[in-house]
Amino acid sequence: MISSKNKEPEKANSRLQILFGFPKFGTSLILGLETFSMYTLYSDIFGLNSILTGIALAFGYIAIALAQLIFGWLSDGHYTKLGRRKPYLLLLSPILGLSFIFLFIPNMFLPDLNNQIILFIWLFIFEGLFKFCYAVTIPYQSWMVEVFPNKQRPRVSQIQNIFNYIGVGLMAIITFFIFADIYDDFKSNPYLIPIEYVSIVIIAGITIWVIFYLIVLIFPTEPYHEIQHKGLGENIKTIKENKNLMRVILSNGIAAIAWAIFASGTLNFNKVVLGLENTQYLIIGVILGIGTLIFLSYWRRRIETKGKKKNLLQLFIIAMILSPVTLLGLLSDYIYPLITGMIFTFSMGLIRAGMNLFPYIIYADISQDKEKESGQLLAGLYTGFPSMILNIFQALGMILLGVLGTLPLITINSIEFS
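All residue numbers for the sequence shown refer to my numbering, where the first residue is 1 and numbers rise by one.
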């Protein structure tokens, strides 16, 4: 816990502001690739039982849930020679990059992908490691409060959003234009691995490692502040007493169950249900990237003019209305599959933008309000605790997705659907 009476950080130059936003490119890229690829790659391509796939992916969400809470609390309360946040960036980022690489290329190391137990253990371990270490984003994001004065934070957040947009756009193109076709080839021979696939995976994994090390090396260590460190349980109790925060967490958590299913099933829906291929994937990838960017800007402007509560409610209503859009896949004789894919993916861009934007803004506001009331700053914990609950709900979504994948197929107009 950090006393709010401590001196505000000095103004940082533009170079440091841009550098601080750069990790958002890497985190958006690797998380997007993992989210949109893992279920399809392991369940549909490598043939892992869908329930086992769902369990492994759910474990990843449980791992990040615990890690975000723990790292938020620890980094709030322990100052070292490197400051509060830098040690976590140094420790977690290389493991994050390596686990990302191993997640995507089990066929380079496992001699028999038909062995369900070994394949499940591989996914379980590296998905857990990846998500656990992805919690590096909590100390990183919490660090902003300590290295930038209040007036500079909006600009730094805008820079982060720009890098986030670039990462999302690149992720969409890689997933749908490059990886989708390679995954189809893996079905025929999973051990024939294109060099471009391995190169992209390795470069992405190393990039996130290098980016975090750069900001650790270049950024000055924040000065020492007086720390009043309470127990984790006591801090959680304080947060739970904030009724507004708990309502927001619950509503976002319930929505996250559905969002986790849609996000992980997007590639599978376009590939298996709609049968899209080749350049059609490029169109889908561009639509996902552009759609997300457009709606990030749209929701941000709406928040500025209409407020948060009203727009969050509108997001939930729109998401409920758009959820049945997958049923358009049943009408492939009447609606061109690419059109259905475009509608579905554009809808996912709208929902993805809102689900990514709203929580961070609301949690930051609540954290700042609580700081003004109590005189204590809990940036890490107020970021980590809501994320923990959110990821637990998403874990439920992954288990449900795995169960849905076991449902018997039905045939409509010679096309099979689950």
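Hints are computed from structural coordinates only; laboratory data are not their basis. Computed from a prediction, not measured in an experiment: that's the story for all the values here. Among the hints, erroneous ones may be present.
Using C-beta positions, here's what the derived DEER-type ranges look like [stated by the list, open to error]:
1) Y213 / L313: 17 to 23 Å
2) K151 / L192: 53 to 59 Å
3) K81 / K240: 32 to 38 Å
4) L214 / T80: 28 to 34 Å
5) I162 / S323: 26 to 32 Å
6) E10 / V272: 33 to 39 Å
7) I182 / Q116: 18 to 24 Å
8) D184 / G233: 45 to 51 Å
9) G233 / I125: 39 to 45 Å
10) V272 / Y191: 28 to 34 Å
11) S323 / Y213: 39 to 45 Å
Quick list of in silico lysine to aspartate or glutamate cross-link-like pairs, EDC-like style, CA-CA up to 20 Å [as the list claims (entries may be wrong)]:
12) K187 / E10
13) K187 / E241
14) K81 / E222
15) K11 / D112
16) K151 / E10
17) K151 / D44
18) K151 / E222
19) K81 / D181
20) K187 / E277
21) K11 / E304
Here a beta-carbon is modelled for each residue, glycine too, at the ideal position from N, C-alpha and C.
Results of checking the hints against the structure:
Between Y213 and L313 the beta carbons are some 41 Å apart, a value that contradicts the proposed interval 17 to 23 Å. A C-beta distance of roughly 55 Å is found between K151 and L192, which places it inside the suggested range of 53 to 59 Å. With their beta carbons about 34 Å apart, K81 and K240 fall inside the hinted range of 32 to 38 Å. Taking 28 to 34 Å as the suggested C-beta distance range, the pair L214 and T80 does not conform, at roughly 19 Å.
Between I162 and S323 the beta carbons are some 30 Å apart, a value that agrees with the proposed interval 26 to 32 Å. In this structure the hint that E10 and V272 lie 33 to 39 Å apart at CB is violated, the actual value being about 54 Å. Hint check: I182 to Q116, Cβ distance near 23 Å, so the stated range 18 to 24 Å holds. Restraint check, D184 to G233: a C-beta distance of roughly 50 Å satisfies the suggested window 45 to 51 Å.
Our hint of 39 to 45 Å for G233 and I125 is violated, since their Cβ atoms are close to 29 Å apart. Look at V272 against Y191: about 22 Å separates their beta carbons, and that is not inside 28 to 34 Å. Evaluation of the 39 to 45 Å hint for S323 and Y213 yields a pass: the beta carbon distance comes to about 41 Å. For a cut-off of 20 Å, the pair hint linking K187 to E10 is broken: about 55 Å separates their Cα positions.
Distance restraint check for K187 and E241: the Cα-Cα separation of roughly 51 Å exceeds the 20 Å cut-off, and the hinted pair is therefore not satisfied. For the hint linking K81 to E222, the alpha-carbon distance of about 10 Å falls within 20 Å, and the restraint holds. Distance restraint check for K11 and D112: the Cα-Cα separation of roughly 56 Å exceeds the 20 Å cut-off, and the hinted pair is therefore not satisfied. Distance restraint check for K151 and E10: the Cα-Cα separation of roughly 11 Å lies within the 20 Å cut-off, and the hinted pair is therefore satisfied.
Between the alpha carbons of K151 and D44 the distance comes to roughly 49 Å, so the proposed pair goes past 20 Å and is violated. Between the alpha carbons of K151 and E222 the distance comes to roughly 17 Å, so the proposed pair stays at or under 20 Å and holds. Under the criterion of a C-alpha separation no larger than 20 Å, the hint pairing K81 with D181 is inconsistent with the structure, at around 48 Å. In summary, the hint linking K187 to E277 is supported, as the alpha carbons are separated by about 14 Å, within the 20 Å threshold.
For the hint pairing K11 with E304, the CA-to-CA distance comes to about 25 Å; that exceeds 20 Å, so the pair is violated.
The structure shown violates the earlier hints numbered 1, 4, 6, 9, 10, 12, 13, 15, 17, 19 and 21.
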